[in-house]
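Student: All chains should be built: construct the whole structure from the sequences, respecting the hints.
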Amino acid sequence: MTTKQLELTANEIRQTIIKMLVEAGSGHTAGPLGMADVFTALFFGGVLNYRAKEPNWEERDRLVLSNGHINPVLYVTMSKAGYFAHKELATLRKFNTRLQGHPERTRLPGLETTSGPLGSGISQASGMAYGLRMDGKKLQRVYCLCSDGELQEGNSWEAIMFAGKNKLSNLTVIVDRNNIQIDGNTEDVMPLEPLAMKWQAFNWHVIEVDGHNFDEIIGACNQAKAIFEKPTCIIAHTIPGKGVDFMEYDFRWHGIPPDKQDIPGDPPKAVQDRVALDRLRTLNGRIRSEHE
Amino acid sequence: MNKSQHLSNKLFRDDIEMLPIRKGFGDGLLEAGKKDSEIVALSADLVESTQMQAFALKYPDRYIEIGVAEQNLVTVASGLAAVGKRPFVTSYAGFSPGRNWEQIRTTICLNNRNVKIVGSHAGVSVGPDGATHQMLEDIALMRVLPNMVVVVPTDVHEAQKATLALAKIQKPAYLRLAREKTAVITTEKSPFEIGKAQILQSGSDITVVACGPLVYEALKAAHTLTGKASVEVINSSSIKPLDEQTITKSAHKTGCVVTVEEAQAAGGLGGAVAELLARTYPVPVSRVGVHDRFGQSGEVQQLWQEYQLDAPAISAAILATIEGKQK
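Top to bottom, those sequences are chains A and B.
Take the first sequence: its letter number 3 is residue 3 in the working numbering, and every next letter is one higher.
Take the second sequence: its letter number 155 is residue 155 in the working numbering, and every next letter is one higher.
FYI, nobody ran anything at the bench for these hints, they're computed from the structure.
In this text the structure is predicted, and so the values were computed from the model without any measurement.
Some hints could be false.
[Unchecked claim] Calculated lysine to aspartate or glutamate pairs in the DMTMM-like style (CA-CA distance at most 20 Å, straight line):
#: 1; chain 1: B; residue 1: Lys228; chain 2: B; residue 2: Asp310
#: 2; chain 1: B; residue 1: Lys35; chain 2: A; residue 2: Asp135
#: 3; chain 1: A; residue 1: Lys167; chain 2: B; residue 2: Asp61
#: 4; chain 1: A; residue 1: Lys137; chain 2: B; residue 2: Glu38
#: 5; chain 1: B; residue 1: Lys181; chain 2: B; residue 2: Glu48
#: 6; chain 1: A; residue 1: Lys138; chain 2: B; residue 2: Glu38
#: 7; chain 1: B; residue 1: Lys220; chain 2: B; residue 2: Asp14
#: 8; chain 1: A; residue 1: Lys198; chain 2: A; residue 2: Asp188
#: 9; chain 1: B; residue 1: Lys58; chain 2: A; residue 2: Asp135
#: 10; chain 1: A; residue 1: Lys230; chain 2: B; residue 2: Glu65
#: 11; chain 1: A; residue 1: Lys165; chain 2: B; residue 2: Glu65
#: 12; chain 1: B; residue 1: Lys181; chain 2: B; residue 2: Glu17
#: 13; chain 1: A; residue 1: Lys167; chain 2: B; residue 2: Glu65
#: 14; chain 1: A; residue 1: Lys80; chain 2: A; residue 2: Glu23
Tutor: The structure is reproduced here in structure tokens:
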């Protein structure tokens, strides 16, 4: 896909995220919108090696979503990639759905793990990377997406230490550095900076990118493939709630869907989703039409 | 004694062999590793005392040192299982599954990953290290998790057989091991199967269901009561799945039950048997185990006496329970 096509795809994914969250009546908004570009780059920018119709294909790369609460963006992207039908997205968080409120591997083919409780994704991804290397599968890579807030978990650093020690060069972790968590901004709740230096100190190769710039995201993923002897951490600086001006940067949109709660200064509850979709459609005027 | 169990011919003799249960795990893992190249072993800085050393030396490429990080221990194992490995992870039971229960719940049980968690140094018999290192709550913690198999072997032979059996099943499992040398009561010929309890001695007045190193104390208690009470002694090393049929059938025959374990009776084997019989055949159940207390430093016999876990305490519980049944 061209950069323009990727941008349009990410925008469609954002639209669908908003629609499915409204339909579900609960769920997380800011993270999924903020990570739509990264997921688009991974699935449609030539980064991930996968076969949607053959989810257990032996040679696939593994994608571990550590911060399971942003799963709307994963579900929408997977659906768009062909893992399951678009209409199933309407079942998010509903009884008997395969699209559980937090991802459950055993319910939906294509999910690599079950997640939600924070801090254990990097460990699992490290185990996968280690195991693949044991089997001599040098071309397969493991991608772990995690949030910045979950780097406050001790388990995260246990894993970062382990992967660094073992030089897991087939492991790439992408940190959603959006600076928010449920209770506020990360630097107020529990500061993480200097974040890049911390990863470097644990023997990781670190690349910082604009998490909305496709060339930078894809470039960093390609660079990671060329790094031997070290795992790679891509710190993707993203805007939480990206694309919807009244949600952007606001930690209060971390864990609620549109129409759930009046936030001062935002559109009233009854029209939040409509306003959000309208503004998204044009990305504040930058894109005039999906078909342009 | 039940001949089909092929128990040691040195039972109740002073020269009965004493070996650590955990050694059976070490031997079993080595053997399982020989048969199955997908088996990998992970330790959290306790490779020797958890008896993983022999495997680590023989198969260095399949041994992974995690360091002092028990949450990482089980979650890395979950990842390894995801790509087809069959990991065994060891630590002291107080730390794994003590410290990393949520990771076990989510990334192993809910995710349904084939990881074997081996908790060593369980029970008060750890001795001088004291309460922090005497894990008593692990059976309860593991038993309550969906998908999890829980096995508490009685001696070195059973630990070896359990390790080999667990290596073959594609499920999450917990294997509980004690530290000190304990009486070797079974032999290589003794039957073992996950989900099966063994009637070591038949009796008609009371059923004693025991697990772990205290099975021998239960046998000794039954032995000292010869002539006073006819005691059926069952070794239920498989806590989950529990052998419901054997235990219920025995309760039908005897009309009362004593459970025996070196763990918190609440939620442990005692909890499991009480829950079972409440559903299938309610009879008086007494639970020998630790009751809402922590352990402390001391020697094994001192501690078993203090916590009322030794043969005399079990005898007393047996007599009191039979008396209670007759009222």
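Student: Against each hint, give a clear statement of whether it holds in the structure.
Tutor: Each hint tested on the structure:
no., hint, in the structure
1, B:Lys228 with B:Asp310, "holds (19 Å)"
2, B:Lys35 with A:Asp135, "holds (17 Å)"
3, A:Lys167 with B:Asp61, "holds (15 Å)"
4, A:Lys137 with B:Glu38, "holds (15 Å)"
5, B:Lys181 with B:Glu48, "holds (16 Å)"
6, A:Lys138 with B:Glu38, "holds (18 Å)"
7, B:Lys220 with B:Asp14, "holds (12 Å)"
8, A:Lys198 with A:Asp188, "holds (18 Å)"
9, B:Lys58 with A:Asp135, "holds (18 Å)"
10, A:Lys230 with B:Glu65, "holds (18 Å)"
11, A:Lys165 with B:Glu65, "holds (10 Å)"
12, B:Lys181 with B:Glu17, "holds (9 Å)"
13, A:Lys167 with B:Glu65, "holds (14 Å)"
14, A:Lys80 with A:Glu23, "holds (18 Å)"
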